[in-house]
Amino acid sequence: AQSVTQPDIHITVSEGASLELRCNYSYGATPYLFWYVQSPGQGLQLLLKYFSGDTLVQGIKGFEAEFKRSQSSFNLRKPSVHWSDAAEYFCAVGLNTGTASKLTFGTGTRLQVTL
Amino acid sequence: KAGVTQTPRYLIKTRGQQVTLSCSPISGHRSVSWYQQTPGQGLQFLFEYFSETQRNKGNFPGRFSGRQFSNSRSEMNVSTLELGDSALYLCASSFATPKETQYFGPGTRLLVL
Numbered sequence: 334a335q336s337v338t339q340p341d342i343h344i345t346v347s348e349g350a351s352l353e354l355r356c357n358y359s360y361g362a363t364p365y366l367f368w369y370v371q372s373p374g375q376g377l378q379l380l381l382k383y384f385s386g387d388t389l390v391q392g393i394k395g396f397e398a399e400f401k402r403s404q405s406s407f408n409l410r411k412p413s414v415h416w417s418d419a420a421e422y423f424c425a426v427g428l429n430t431g432t433a434s435k436l437t438f439g440t441g442t443r444l445q446v447t448l
Numbered sequence: 371k372a373g374v375t376q377t378p379r380y381l382i383k384t385r386g387q388q389v390t391l392s393c394s395p396i397s398g399h400r401s402v403s404w405y406q407q408t409p410g411q412g413l414q415f416l417f418e419y420f421s422e423t424q425r426n427k428g429n430f431p432g433r434f435s436g437r438q439f440s441n442s443r444s445e446m447n448v449s450t451l452e453l454g455d456s457a458l459y460l461c462a463s464s465f466a467t468p469k470e471t472q473y474f475g476p477g478t479r480l481l482v483l
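Top to bottom, those sequences are chains A and B.
With the working numbering as the guide, the letters of the first sequence map in order to residues 334 to 448.
With the working numbering as the guide, the letters of the second sequence map in order to residues 371 to 483.
Simulated from the structure, these hints should not be mistaken for laboratory data.
Treat the hints with caution; some may be incorrect.
[Claimed, not checked] For the chain B half of the interface with chain A, some residues (derived, Cβ under 8 angstroms), not all of them:
hint, residue
1, Ser403
2, Thr408
3, Gly412
4, Phe415
5, Asn426
6, Lys469
7, Gln472
8, Gly477
[Stated by the list, open to error] Each computed PhoX-like pair below joins lysine-lysine, with the alpha-carbon atoms no more than 25 angstroms apart:
hint, chain 1, residue 1, chain 2, residue 2
9, A, Lys394, A, Lys382
10, B, Lys469, A, Lys401
11, A, Lys382, B, Lys427
Please read these numbers as outputs of a predicted model, since none were measured by experiment.
The beta-carbon is built from N, C-alpha and C at its ideal position, and this holds for glycine as well.
My request is simple: use the sequences and hints to build the entire structure.
Have a look at this one:
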């Protein structure tokens with residue numbers, strides 16, 4: 334069964350500093366990978382996704398992620414964090430069996446931004 | 371294009387009651403998935419419906435059930451509510467295949483007293 338690990342439960346960065354959120358996955362085949370963000374009391378918003386091809390993926394709000402097959406990782410990065418980026422971030426792996434849609438999520442990383 | 375809508379947004383029930391939550395997917399989307407989010411267990415997949423058929427199911431007891439209508443709208447039902455069912459229930463829709471992005475609604479927050 335697939336699984337996702339986000340080793341950092343909580344991260345604090347200063348506004349303007351760079352950010353990297355870690356995500357490791359376990360899946361028997363090439364996975365579909367996603368990063369979602371959730372603000373308090375809200376649903377999930379897709380930041381970016383990887384299906385195949387270029388391993389560096391660009392997303393919304395200036396985020397990017399790099400798929401590294403050898404490390405089973407899909408880390409999220411942003412060169413300069415804004416105070417509005419404070420939220421909870423979820424990495425997810427999707428089935429690619431072609432028959433059903435299901436996302437397995439990591440436990441999330443809560444990002445705090447100090448001014 | 372309107373996003374995924376969920377009703378109601380908030381709900382308070384007592385133990386033993388049952389509850390029905392509703393989800394309207396993005397127009398044209400045929401797949402609807404449900405997730406439960408709790409502080410202890412995180413985000414967990416409940417089930418997915420596609421063309422009125424349950425296509426995938428997570429590891430939840432039979433008290434949790436769902437259905438999908440011909441217009442792709444979906445409902446989930448929880449019978450005999452337990453305190454542990456208190457959670458944010460999220461609905462997501464996509465076109466059809468696992469490659470398609472799932473778009474999430476704002477969720478229904480259920481409190482069981």
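message: Next item in the hint list is Lys469/B. Is there a CB on chain A closer than 8 angstroms to its CB?
response: 6 angstroms, holds
query: Is Lys394/A close enough to Lys382/A, meaning Cα to Cα at most 25 angstroms?
result: Satisfied, since the Cα-Cα distance of roughly 14 angstroms is no more than 25 angstroms.
- request: Would you mind confirming whether the straight-line C-alpha gap from Lys382/A to Lys427/B stays at or under 25 angstroms?
  value: 23 angstroms, holds
Minimum beta-carbon distance criterion (8 angstroms), Gly412/B to chain A: Holds - the Cβ of Gly412/B comes within 8 angstroms of chain A, reaching about 5 angstroms at its closest.
message: Using the nearest Cβ pair, does Phe415/B come within less than 8 angstroms of chain A?
response: 5 angstroms, holds
Residue hint Ser403/B, partner chain A, criterion CB-CB below 8 angstroms: 6 angstroms, holds
field: Status of the hint placing Gly477/B at chain A (closest C-beta pair under 8 angstroms)
entry: 5 angstroms, holds
- prompt: Between Lys469/B and Lys401/A, is the straight-line Cα distance small enough, at 25 angstroms or below?
  reply: 19 angstroms, holds
task: Have a go at the Asn426/B hint: is there a Cβ in chain A nearer than 8 angstroms to its own Cβ?
output: 4 angstroms, holds
- prompt: Going by Cβ atoms only, is Thr408/B closer than 8 angstroms to chain A?
  reply: Violated - the Cβ of Thr408/B stays beyond 8 angstroms from chain A, reaching only about 11 angstroms at its closest.
message: Take the shortest C-beta to C-beta distance between Gln472/B and chain A; is it under 8 angstroms?
response: 6 angstroms, holds
Violation of the numbered hints given earlier is confined to hint 2; every other hint is satisfied by the structure.
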